[in-house]
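Here the sequence shown stands for residues 1 to 213, numbered as in our numbering.
Honestly, the hints are just simulated from the structure, not real lab data. What you are looking at is a predicted structure, and each value in this text was computed from that prediction instead of being measured. One or more of the hints may lead you astray.
[To be verified] Derived SDA-like pairs (lysine to any residue); straight-line CA-CA distance at most 25 Å: (1) K101 <-> M23; (2) K99 <-> Q24; (3) K58 <-> L7; (4) K99 <-> V133; (5) K58 <-> T146; (6) K36 <-> P26; (7) K144 <-> R44; (8) K150 <-> I46; (9) K96 <-> E78; (10) K150 <-> F160; (11) K98 <-> S128; (12) K96 <-> E16; (13) K96 <-> E159.
[Unchecked claim] Restraint ranges, calculated between C-beta atoms of paired labels, are given here: (14) K99 <-> L28: 43 to 49 Å; (15) Q165 <-> C130: 34 to 40 Å; (16) Y34 <-> Q125: 18 to 24 Å; (17) K48 <-> P122: 31 to 37 Å.
We treat Cβ as the ideally placed atom computed from N, Cα and C, and that holds for glycine.
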Amino acid sequence: MVDLSTLDIRSTNKDESLDLDDMQSPPLHLQHLYLKGHLLQVPRWISKLDNLFRSGLKWSRLQNSPLDALQELPNLLELEMVDAFTGGELVFEAGKFKKLKMLHIEQFELLDTVVVEEGAMPMLQRLSLCKCVKLEMLPLGIDKLTWIEKFGLYDMPVEFTNRLQKTHEDHGMVRHIQSIQSVLKPMGLGQWRIFLASCHNIVCTHIQLEHTT
Numbered sequence: 001m002v003d004l005s006t007l008d009i010r011s012t013n014k015d016e017s018l019d020l021d022d023m024q025s026p027p028l029h030l031q032h033l034y035l036k037g038h039l040l041q042v043p044r045w046i047s048k049l050d051n052l053f054r055s056g057l058k059w060s061r062l063q064n065s066p067l068d069a070l071q072e073l074p075n076l077l078e079l080e081m082v083d084a085f086t087g088g089e090l091v092f093e094a095g096k097f098k099k100l101k102m103l104h105i106e107q108f109e110l111l112d113t114v115v116v117e118e119g120a121m122p123m124l125q126r127l128s129l130c131k132c133v134k135l136e137m138l139p140l141g142i143d144k145l146t147w148i149e150k151f152g153l154y155d156m157p158v159e160f161t162n163r164l165q166k167t168h169e170d171h172g173m174v175r176h177i178q179s180i181q182s183v184l185k186p187m188g189l190g191q192w193r194i195f196l197a198s199c200h201n202i203v204c205t206h207i208q209l210e211h212t213t
């Protein structure tokens with residue numbers, strides 16, 4: 001197990017906890033790690049996974065920010081977190097996540113503030129936010145993510161997506177992003193409201209899509 005490169009551990013439901021902190025011989029050569037289940041804390045050995053480049057957390061519902069244990073990983077390229085944090089503020093600290101290129105945050109139900117400090121995630125290219133129902137403000141410091149190319153939003157609050165409009169005073173924070181797409185929940189049968197952004201122009205359209213349940 002020491003030489004394992006991929007580890008995927010899943011609980012059977014949201015309420016089942018994963019107890020991984022006391023693992024006798026943690027696989028320190030992991031490159032891919034996916035944990036699906038409730039965690040009281042991020043296992044301490046994760047911060048030692050210097051070879052890890054892709055990680056996912058789902059249903060963790062951590063009270064403390066999972067970023068504390070992940071931000072020092074020297075080769076982490078992709079991070080996906082779904083229902084992984086129950087706090088209200090997520091802070092990406094200065095100089096951390098130095099190689100991260102893709103970040104996905106979904107269903108952080110109490111999250112209302114995201115802060116990106118100077119020098120955090122300097123290589124980030126793709127950012128996506130989904131179903132963060134209390135997040136109405138753009139991430140503070142998103143204008144410092146100069147490498148970002150794509151910003152995807154899915155079922156985000158209208159108050160958030162309105163800030164993407166060219167006429168809004170916050171538009172300057174995302175002016176540098178080449179592509180922004182925001183997909184909102186169905187307005188009616190087969191109908192989605194979609195924002196499309198190309199460079200500095202944002203268009204709101206109604207598009208007929210085949211929608212199955």
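Exercise. Has the given pair, K58 with T146, been kept, meaning a C-alpha gap of at most 25 Å?
Worked result: Violated: K58 and T146 sit about 28 Å apart, past 25 Å.
Problem set entry | 25 Å limit on alpha-carbon distance, applied to hinted pair K101 and M23 | 29 Å, violated
For this session: Note whether the CB distance of Q165 and C130 lies within 34 to 40 Å or breaks it.
Result: 20 Å, violated
Exercise. Quick one, are K96 and E159 close enough, alpha carbons at most 25 Å?
Worked result: Not OK: K96 and E159 at ~29 Å, beyond 25 Å, violated.
Exercise. Taking only the CA atoms, is the gap from K99 to Q24 under or equal to 25 Å?
Worked result: With Cα atoms ~29 Å apart, K99 and Q24 exceed 25 Å; violated.
Exercise. Given the hinted pair K58 and L7, is their alpha-carbon gap at most 25 Å?
Worked result: 14 Å, holds
Exercise. Holds or violated: are the alpha carbons of K96 and E16 at most 25 Å from each other?
Worked result: 31 Å, violated
Exercise. Do the alpha carbons of K36 and P26 lie within 25 Å of each other, as the hint requires?
Worked result: 17 Å, holds
Exercise. Does the Cβ pair Y34, Q125 satisfy 18 to 24 Å?
Worked result: Holds - the Cβ-Cβ distance for Y34 and Q125, about 21 Å, lies within 18 to 24 Å.
Problem set entry | 25 Å limit on alpha-carbon distance, applied to hinted pair K150 and I46 | 28 Å, violated
Exercise. Keeping to a limit of 25 Å between CA atoms, is the pair of K144 and R44 held or broken?
Worked result: Violated, because 30 Å separates the two Cα atoms, which is more than 25 Å.
Exercise. Do the Cβ positions of K48 and P122 conform to the proposed distance bound of 31 to 37 Å?
Worked result: 23 Å, violated
Comparing the model with each earlier hint shows violations of hints 1, 2, 4, 5, 7, 8, 12, 13, 14, 15 and 17; every other hint is respected.
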